Structures are given as C-alpha cells and as structure tokens.
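S.K.: Residue-level listing of the chains:
There are 2 protein chains.
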Amino acid sequence: MKIESKFLIVKDGEKVFGEGPYRLLKSIEELGSINRAAEKFDMSYSKALAIIKKAEDYLGYPLLERVTGGVHGGGSYLTEKGKELVKDYEDFAKEAREAVEEIFKRKFMWK
Amino acid sequence: MKIESKFLIVKDGEKVFGEGPYRLLKSIEELGSINRAAEKFDMSYSKALAIIKKAEDYLGYPLLERVTGGVHGGGSYLTEKGKELVKDYEDFAKEAREAVEEIFKRKFMWK
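Chains as they are written, first to last, in the numbering used here: chain G, 1 to 111; chain H, 1001 to 1111.
To be clear, the hints were calculated from the coordinates, so they are not data collected in a lab. Misleading hints may appear alongside valid ones.
[What the hints assert, rightly or not] Derived lysine to aspartate or glutamate pairs resembling EDC-like cross-links, with alpha carbons at most 16 Å apart:
id, chain 1, residue 1, chain 2, residue 2
1, G, Lys11, H, Glu1004
2, G, Lys26, G, Glu102
3, H, Lys1011, G, Asp88
4, H, Lys1107, G, Glu102
5, H, Lys1094, G, Glu102
6, G, Lys105, H, Glu1090
7, H, Lys1006, G, Glu4
8, H, Lys1087, H, Glu1029
9, H, Lys1053, H, Glu1065
10, H, Lys1002, G, Glu29
11, G, Lys2, H, Glu1014
12, G, Lys11, G, Glu56
13, G, Lys40, G, Glu29
14, H, Lys1054, H, Glu1014
[Stated by the list, open to error] Distance ranges between label pairs, derived from CB positions:
id, chain 1, residue 1, chain 2, residue 2, range
15, G, Gly13, H, Tyr1077, 32 to 38 Å
16, H, Arg1066, G, Glu30, 53 to 59 Å
17, H, Lys1081, G, Gly20, 34 to 40 Å
18, H, Thr1079, G, Gly20, 36 to 42 Å
19, G, Glu29, H, Lys1105, 22 to 28 Å
20, H, Asp1012, G, Tyr45, 32 to 38 Å
21, H, Arg1036, G, Glu19, 33 to 39 Å
22, G, Glu102, H, Lys1105, 14 to 20 Å
[Unchecked claim] With the C-beta cut set under 8 Å, the calculated list includes, among others, these residues of chain G facing chain H:
id, residue
23, Ser5
24, Val10
25, Glu14
26, Tyr77
27, Leu78
28, Ala96
29, Val100
This one's a predicted model, so the numbers in the text were calculated from it and none came from an experiment. Beta carbons are placed, not taken as given, at the ideal position from N, Cα and C, and that holds for glycine.
Next up, chain G with everything else stripped away, as it sits in the complex:
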C-alpha cells in the first residue's frame, strides 16, 4: 500500500492553483508554446488559456508573456513571477508529499 496526495490552493473557496495548472505551466516553460502544451494534455487551447487566466486573476499577476514574430515565430514564456510560482509549488509539493508519506508509513505500514 502507498499513499497519493493531491494539493489544491484555494482562495475565497475558489481553486487558485494545483497540480493541473502546475503541469500546464511547466509544459509551456519546456515547449515555449501554449498550443503545444495544451496538445500534450489533450486539452483545447482555450481551456489551457482559461486555466492560466483564472490563476492569474486570483494571484493578481501575469504568469505568461507572449512573444510574437522573431526567428522562431514567437511563443509563450513564463514571467519571472510565473517561474517563481512553478518553482515554489514544486518545492512545496515535494516536501508535502514526503511528509505525508512519512506519516502514512508510521500510521499504516504495519497493516
């Protein structure tokens, strides 16, 4: 038996951020494109945009910036604040998951 954890950041009862938006942002960071990141998760471009937009609205700062034209035809990139959020969420989730596993092992492993 093992334990799986899911975390959800909420504000005024509304989802602000969690594993889904985190993975989406992480993919945009890697692929440099909302479209390609959305494709990876079998998600429409508009759904991906809505997820990011909602997080931005609640957080009060932009997570993505759009670069148009250029040699590579532009793309979407994480803002400094966006990168920081991804990094902080990653650190938090890793530490939280490890803490939960330790508690689970202590309480349940003998079963």
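Given the coordinates of chain G, work out where chain H should sit on it, guided by the hints.
M.R.: Same frame as chain G, but now just chain H:
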C-alpha cells in the same frame, strides 16, 4: 490563500481507501445503516456497498457486519477492524493535513 489536501491509499495502482470510503464508513457507524448512510451522500445502496466491498477485497478483511432482526430491525455495524481503520485514517489524515498546512504556510504565505 489556503491549502486543501486529498489523500488516496493505493495498492497495485488501484484505489483502496480515501476520504470517500472513510466518510461513508463513518456515517454507517453513526447511523447503523448502509441505506441511511448512502442516502446522506445521495448515493445508491448498491454504490455504497460496492465501495465498501472493494475496500474489503483489497484490505483482506471485513469492515462491516450485518445484524438482522432484533428490536430495532437490525442494521450494519463496523467490525473491530473497520473501527480501527476509520480511527487510523482519521489520525493519519489529521496529522498529514496539519503537516501540509505548515509546509504551505512556510513556502507560500508571504505571497
């Protein structure tokens, strides 16, 4: 902002136990009836039974015992092992939730 945690106990990639089965068992314990507990969650009797049955199969021991007849017309009660599971899950979830909150506050509260 605050953090919500969901935990899921898995075995061989299959869900064994979590918040749903826990709440269901807890209600059966309080109400003494699968039917009334299922009603409380707007769930069919057969669905409630399937959830319990699946957990029992994976855990390898009975969680409920059925008493028929008697002054109160019988009902369903938690076995000793069932009570223990509910108690252990409750303790685990409480401690795990507190640990996650502490980590979240440390990593995110300044945002």
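S.K.: Which earlier hints turn out false for this structure, listed by number in ascending order?
M.R.: 2, 3, 4, 10, 25, 26, 27
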